[in-house]
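*Asks:* Based on the sequences and whatever the hints tell you, model everything.
No gaps in the numbering here: position 27 of the sequence shown is 28 in our numbering, and each next residue is one more.
Please keep in mind that the hints were generated in silico from the structure rather than gathered at the bench. Note that the structure is a prediction, hence the values are computed from the model and not measured. Don't take each hint at face value.
Across the chosen pairs, the derived CB separations fall in these ranges [as the list claims (entries may be wrong)]: (1) G109 to L156: 40 to 46 Å; (2) V177 to Q66: 39 to 45 Å; (3) V177 to E32: 31 to 37 Å; (4) G182 to F46: 37 to 43 Å; (5) R19 to Y47: 17 to 23 Å; (6) D157 to E98: 21 to 27 Å; (7) A28 to P154: 40 to 46 Å; (8) G6 to G51: 17 to 23 Å; (9) D83 to Q61: 33 to 39 Å; (10) D132 to A204: 52 to 58 Å; (11) R76 to L200: 43 to 49 Å.
Once the Cα atoms are required to be at most 30 Å apart in a straight line, the calculated DSBU-like pairs of lysine-lysine come out as [what the hints assert, rightly or not]: (12) K155 to K42; (13) K5 to K42; (14) K5 to K94; (15) K42 to K94; (16) K24 to K12; (17) K185 to K94; (18) K42 to K24; (19) K184 to K24; (20) K42 to K12; (21) K155 to K94; (22) K24 to K5; (23) K12 to K184; (24) K127 to K24.
Where is the CB? At the ideal position from N, CA and C, for every residue including glycine.
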Amino acid sequence: MSTKGNMTRNKLMDIAERRILQKGFSATSIEDIITEAGISKGGFFYHFEGKDDLAYALMQRYREQDAFLFSGLFRRAEELLDDPLQQMLLFIKLLAEMMDQLEDLHPGCLVASFTYESHEVNDQVKAITADSVMDWRQLFSDQLNKVHQHYPPKLDVNTTDLADLLSTVIEGGIVVSRAIGDKKLLVRQLLEYRNYIRLLYEA
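*Replies:* Structure, rendered in structure tokens:
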């Protein structure tokens with residue numbers, strides 16, 4: 002695909018993502034997207050077979066962006082520290098700081114959007130949405146397993162559940178912060194999770 006073609010495709014995806022996060026998937030029509038993009042319906046169908054194909058492409062991009070973000074933060078923590086517990090604590094702090102730098106409320110999460118409207122998307126979109134959540138579980142639990150091997154926890158815990166808890170804090174923090182208009186809530190919840198991990202494992 003040409004550079005211009007890629008730019009058009011990305012423009013369509015950017016518009017669609019913003020509208021889906023604002024209005025929901027079912028309320029976002031192809032007509033809305035192409036009108037804002039200033040292209041024909043034929044131009045849209047050159048890039049996507051339909052709304053489900055667009056949704057899949059959005060989730061694929063979102064999954065790649067998440068992997069790049071989280072892996073980058075973990076790499077930074079590993080470069081600065083050798084201890085796995087301190088690496089995990091720094092990762093959470095770096096993530097909280099990143100969320101704190103947002104000028105407004107977090108825009109939302111496509112995983113949540115497509116999960117809430119799972120009846121509106123096909124099985125392929127449902128599958129890649131679930132895969133995204135499993136990516137988080139794997140990434141977080143890999144680091145938590147390293148912590149677990151070096152530090153006996155003060156409570157009987159499962160690292161997979163601890164990994165899912167972090168995902169839940171992130172997703173839930175986004176939803177609640179938007180519901181009550183408190184953009185700092187997600188930051189505070191991440192730091193509370195960090196406190197829990199520190200209390201759970203530190204001697």
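*Asks:* Please go over all the hints and tell whether each is borne out by the structure.
*Replies:* Quick rundown of the hints versus the structure:
At roughly 33 Å, the beta carbons of G109 and L156 sit outside the given window of 40 to 46 Å. A hinted range of 39 to 45 Å for the beta carbons of V177 and Q66 is inconsistent with their spacing of about 23 Å. Taking the beta carbon of each, V177 and E32 are about 33 Å apart, inside 31 to 37 Å as hinted. In this structure the hint that G182 and F46 lie 37 to 43 Å apart at CB holds, the actual value being about 39 Å.
The beta-carbon spacing between R19 and Y47, approximately 21 Å, falls within the hinted interval of 17 to 23 Å. Taking the beta carbon of each, D157 and E98 are about 32 Å apart, not inside 21 to 27 Å as hinted. The hint said 40 to 46 Å for the Cβ distance between A28 and P154, and at roughly 45 Å that hint holds. In this structure, G6 and G51 meet the distance hint of 17 to 23 Å, their C-beta atoms being roughly 18 Å apart.
For the pair D83 and Q61, the beta carbons lie near 35 Å from each other, so the given range of 33 to 39 Å is met. With their beta carbons about 37 Å apart, D132 and A204 fall outside the hinted range of 52 to 58 Å. Range check, R76 to L200: Cβ separation about 26 Å, and the 43 to 49 Å hint is violated. Distance hint between K155 and K42 is unfulfilled; the C-alpha atoms sit about 59 Å from each other, more than 30 Å.
The suggested pairing of K5 with K42 holds, with an alpha-carbon distance near 17 Å, which does not exceed 30 Å. With a C-alpha separation of about 39 Å, the suggested pair K5 and K94 falls outside the 30 Å cut-off, and the hint is violated. Using a Cα cut-off of 30 Å, the hinted pair K42 and K94 is violated, with the two alpha carbons roughly 45 Å apart. Restraint check: the Cα-Cα separation between K24 and K12 comes to about 18 Å, which is no more than 30 Å; the hinted pair holds.
The suggested pairing of K185 with K94 holds, with an alpha-carbon distance near 14 Å, which does not exceed 30 Å. For a cut-off of 30 Å, the pair hint linking K42 to K24 stands: about 21 Å separates their Cα positions. Restraint check for K184 and K24: satisfied, since their Cα atoms lie roughly 20 Å apart, inside the 30 Å limit. Distance check on the hinted pair: K42 and K12 sit about 14 Å apart at the alpha-carbon level, within 30 Å; holds.
The straight-line distance between the Cα atoms of K155 and K94 is roughly 22 Å, inside the 30 Å bound, and the hint therefore holds. About 28 Å separates the Cα atoms of K24 and K5, which keeps this hinted pair within 30 Å; it holds. A C-alpha spacing of about 27 Å is found between K12 and K184, which places the hinted pair at or below 30 Å, so the restraint holds. A distance of roughly 19 Å separates the Cα atoms of K127 and K24; the hinted pair therefore holds under the 30 Å criterion.
Violated hints, listed in ascending order, are 1, 2, 6, 10, 11, 12, 14 and 15; each of the other numbered hints is respected by the structure.
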